[in-house]
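J.: Okay, here's what each chain looks like letter by letter:
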Amino acid sequence: MTIKGIFRAVFGTFLIFLLLLAILAVGLSFSQQQLQGSQIRKDEALRLLQEMQDSRDYLTQFSRVYVFRGNERFYQLYQSLLDIIEGRKARPVYLDESYWDTLADSGMNKVRMRPAVSFETLAKEAGFTAEESDLISKILETGRAMTQIEQEVLNTFRESRAETQENQTKQSFALASELTGNDYLALQLGFKQHFARLFALINERAEAEMMATEASNWYYLYGILGIILFLCLNVLVAYRVIVARVIVPIAYLKQQTNSLEKDFDRLVQVTRSIASGSLDAKYSATTLPIYFPGEDEIGNLVVIHNGMLNHMKESGNLIAEVALDLRKSHEQAASADRAKSEFLANMTHEIRTPMNAIIGFSELLVARVKDPILRNYTEGIRVGSKNLLQLINDILDLSKIESGYLEVKHTPFRLSTLQRDLLQMFNEEAKQKGISLGFSKIADPTILIALDEARLRQVLINLIGNALKFTGQGFVHVDFRLVDKEQSGRVSLTIKVQDTGIGIDKSEFDRIFEAFSQAQDIKIKNFGGTGLGLTISKRLVELMGGQIDVESIKGQGSCFTVVFPSIAVESQVAHEPELLEPKEKLIFKPATIVIGEDVESNLQLVKAYLEPHPFTIYSAADGQTTVDLVKKHKPDLLLLDLQLPVLDGKDILKMFREDPEYKDLSIVVLTAATPYEKGSTWEQYANAIIRKPLRGRELFRELRKFLDFRMEKLEEPAEIASGWQPIIQSKMSVIREVLSEVEVQLHGGMDLDKIEGYARRIYEIAQEERHTMLEATALSIFEAIEDFNTVRIKNLFDEIKNKFL
Amino acid sequence: MDRRKPVVLILDDVVENVRVLGSLLGRDKYSLLLASSGQQAIQLALSNIPDVLLLDVMVPDIDGISVCRYLKEFESFRFIPIIFLTANADPKDISLAYEAGGADYVLKPFHARELRVRVETHLEIKLMRDRLHTAEDLIRRAHQMALASQSSDGTLMPFVKELETFIKMPSRVSALEITNDN
Chain Y
1 MTIKGIFRAV FGTFLIFLLL LAILAVGLSF SQQQLQGSQI RKDEALRLLQ
51 EMQDSRDYLT QFSRVYVFRG NERFYQLYQS LLDIIEGRKA RPVYLDESYW
101 DTLADSGMNK VRMRPAVSFE TLAKEAGFTA EESDLISKIL ETGRAMTQIE
151 QEVLNTFRES RAETQENQTK QSFALASELT GNDYLALQLG FKQHFARLFA
201 LINERAEAEM MATEASNWYY LYGILGIILF LCLNVLVAYR VIVARVIVPI
251 AYLKQQTNSL EKDFDRLVQV TRSIASGSLD AKYSATTLPI YFPGEDEIGN
301 LVVIHNGMLN HMKESGNLIA EVALDLRKSH EQAASADRAK SEFLANMTHE
351 IRTPMNAIIG FSELLVARVK DPILRNYTEG IRVGSKNLLQ LINDILDLSK
401 IESGYLEVKH TPFRLSTLQR DLLQMFNEEA KQKGISLGFS KIADPTILIA
451 LDEARLRQVL INLIGNALKF TGQGFVHVDF RLVDKEQSGR VSLTIKVQDT
501 GIGIDKSEFD RIFEAFSQAQ DIKIKNFGGT GLGLTISKRL VELMGGQIDV
551 ESIKGQGSCF TVVFPSIAVE SQVAHEPELL EPKEKLIFKP ATIVIGEDVE
601 SNLQLVKAYL EPHPFTIYSA ADGQTTVDLV KKHKPDLLLL DLQLPVLDGK
651 DILKMFREDP EYKDLSIVVL TAATPYEKGS TWEQYANAII RKPLRGRELF
701 RELRKFLDFR MEKLEEPAEI ASGWQPIIQS KMSVIREVLS EVEVQLHGGM
751 DLDKIEGYAR RIYEIAQEER HTMLEATALS IFEAIEDFNT VRIKNLFDEI
801 KNKFL
Chain P
1 MDRRKPVVLI LDDVVENVRV LGSLLGRDKY SLLLASSGQQ AIQLALSNIP
51 DVLLLDVMVP DIDGISVCRY LKEFESFRFI PIIFLTANAD PKDISLAYEA
101 GGADYVLKPF HARELRVRVE THLEIKLMRD RLHTAEDLIR RAHQMALASQ
151 SSDGTLMPFV KELETFIKMP SRVSALEITN DN
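Protein chains in written order, with my numbering: chain Y, 1 to 805; chain P, 1 to 182.
Derived from the structure by calculation, the hints contain no laboratory data.
Any given hint could turn out to be false.
As the list claims (entries may be wrong) - In silico BS3-like pairs for lysine-lysine, Cα to Cα no more than 25 Å straight-line: (1) P:108 with Y:754; (2) Y:663 with Y:705; (3) Y:469 with Y:441; (4) Y:328 with Y:400; (5) Y:731 with Y:754; (6) P:72 with P:126; (7) P:108 with Y:386; (8) P:168 with P:126; (9) Y:794 with P:29; (10) Y:433 with Y:469; (11) Y:754 with P:29; (12) Y:370 with Y:794.
Given the sequences, and given the hints that come with them, work out the whole structure.
T.: So this is what it looks like as structure tokens:
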């Protein structure tokens, strides 16, 4: 049964009971009226009877008084009264003194009168019972009998009255005795007895009627009370039913719905957390389904609730599945990423090994080849392979940064040392291009700051290299500024690299830090480079907790600013061996060196580097032989490749370090391994690590740490400028003419034949004037023409121009 | 045929590439014009009229294809072979290069001998075409002379007709198509 049905039933019953109640109330009031009516009737009947009795008494009285006194008035009263009784005359309302006065005076107007009706008729109309009527007719009979006696007496009295006055008293007395005689008295008594009886009867009857009415009143009352009771019961039952069927289920449902809501919130949370990447989040609904009997409206709600719960459970399961899938694919992606990085690392290692040979041998070739053209070719190979190596390193770096493998190690170092290295590195290039390269002085050169020196160096090499590359004339200035932070023992470091180069358009500021963006800009493509430098620099600076920014005006120059807001400082310095000055020559004392290297070309390269020095060198191509050689010759230094057949370099390191006899042996490790292996155990066993491809400068920098050496000053090279003597005016104007023509020519591309013609004219002048420097330059131009090196041709002509003009 | 060396114009913005190309061809065989920008290439080409042009496609300022398009506007460049050099092997770009009037398209990195042979082949084609044009000119002139002298002697008539047929022969592919349609 539906709740609507229940309400309908309750309401219907209520209505029916109300109707019954109304009927009963009407009945009650009706019976009350009846009660009152019977009372009134009884009163009226009693009054009528009283009137009859009184009238009779008055008749007796009037007749007696008249006989005794002979007053005519009483006779008249007697007659009037009789008339009234017989219904011949109207009667006043009240039976009192005024009544009689009225009757006597016939002043009928003064008193309200009732219509003239005989008492007999009245009695008949009053609705008495048969017994009562019987008595009344007896009363009336008795009354008439008494009236008859009185009439006789009165008539006798009136006849005799006229005859004598003297006898009158006697006669009156006689007549009066008649009216007080036994007969009369007997009648009077009977009359009164009848009345008494009648009164009693009527009272009895009225009593009985009232009793009956009252009883029915009580029934009505009981009925009403009963119905009210039923109503109360009805309300109570309805209340109970509503509580049981509606309120309790709804409250429960509400509670469950709240719980469902919480579940839903959790589901949403779990979904969000999964969406945001935490794949371990799990969901299970805590709300239970509701088992309610019933097919009412709440039953429907329950069905809906259970449906929702089911849906949520399904969603939960679905989410769990999705999360599982995600976790799986995440793991797959992670392992793929690892595989990619490993592949990259291995591949770059594989590439580095042959690159090592290429770069190394070309370095050696450059030093040995005398033929200028061949030398140019060799230099080309060397530069090309260096660039390729740079590209490989850049790609590897970027991939490491992208995959989060790269870690920065903050170790204390001197900014001044870094500055000197950078200057040394770029000085030559700047000089060649005629650009002034300047570094700002550092206030306290002994200050040690904790940053990853290698990474900072990488960034600055990139920035300064770029600045030089994109600057045709003017200057490149590198400004270092350390600012103390109050009391914290920390400093902020700002490095600005400023140039007067081609500049960068404002719209490209963001793009230049994106990978490979440079290559897309066709205008600066001819400056070379991988286009990864700035991307890597930005990531590295950010990894070290800094920030890199650029300001630039197109065509006027750029300024790259690197800011590290907070760096730890150690101002106390241990003495470091001075770095190799370019004008000094390194001379080693004789020493024994064992080399463990399995790649033949690499071994030859190392040997070639060491050849000019007084070293005794033993080499082995596998680990075991290396160990044997060390044990046999007790060398001053072991140069060890990490990857060796038979016995791995890492194992050799460990073995020697754990052997008390060899634990102090100086071991320099040669490796192409990638930097993210840093921190592995072999690293702490090695005295030094040299990364392949091997470079002479780096090799000797490390060798100096372990082998005895002395420095010898190189002789100052002769001042070149002294060769640039002035030239006589007439020839000078020819040279000027030639140079201006060349300038026009060069502006519109190069016709090599014409250029050669100009160079020949200059060469001829140089020969005529015996100007050796000019002659050398002209020969260089010929050489450059044969090499088709347009940039060098241009530079050489510019050089002549600069020297003479 | 005069005995001067063929003139080759090389356009590449990377010095190393110019050096390699220059060494490949050699100054003993060719007279070389070197340009490092499109602007320079156009300037050099217009003032020297080279026999063959080697253009790098990706160049700052004006790219090789645009240079080619520009030069082909001039009547004197109509039959001068232009060879494109590029690392881009996209068929779309290749067809773009031919549509611009390029004679050949060489992918970097190129093989020395192949490039040399290609340049020689295009030079040879050019020489032959030049010879052909000269021959056509001569024939035209012969035709006119024959027409002028035909009034007195009727024996030349079949030869004049033959010459006319030759002159009316289509010399371009587009013209050939039109005649076929007709």
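J.: State for each hint whether it applies.
T.: Hint check results:
{"no.": "1", "hint": "P:108 with Y:754", "result": "violated, 29 Å"}
{"no.": "2", "hint": "Y:663 with Y:705", "result": "holds, 17 Å"}
{"no.": "3", "hint": "Y:469 with Y:441", "result": "holds, 24 Å"}
{"no.": "4", "hint": "Y:328 with Y:400", "result": "holds, 24 Å"}
{"no.": "5", "hint": "Y:731 with Y:754", "result": "holds, 20 Å"}
{"no.": "6", "hint": "P:72 with P:126", "result": "holds, 15 Å"}
{"no.": "7", "hint": "P:108 with Y:386", "result": "holds, 20 Å"}
{"no.": "8", "hint": "P:168 with P:126", "result": "holds, 22 Å"}
{"no.": "9", "hint": "Y:794 with P:29", "result": "holds, 24 Å"}
{"no.": "10", "hint": "Y:433 with Y:469", "result": "holds, 9 Å"}
{"no.": "11", "hint": "Y:754 with P:29", "result": "holds, 16 Å"}
{"no.": "12", "hint": "Y:370 with Y:794", "result": "holds, 24 Å"}
Comparing the model with each earlier hint shows a violation of hint 1 alone; every other hint is respected.
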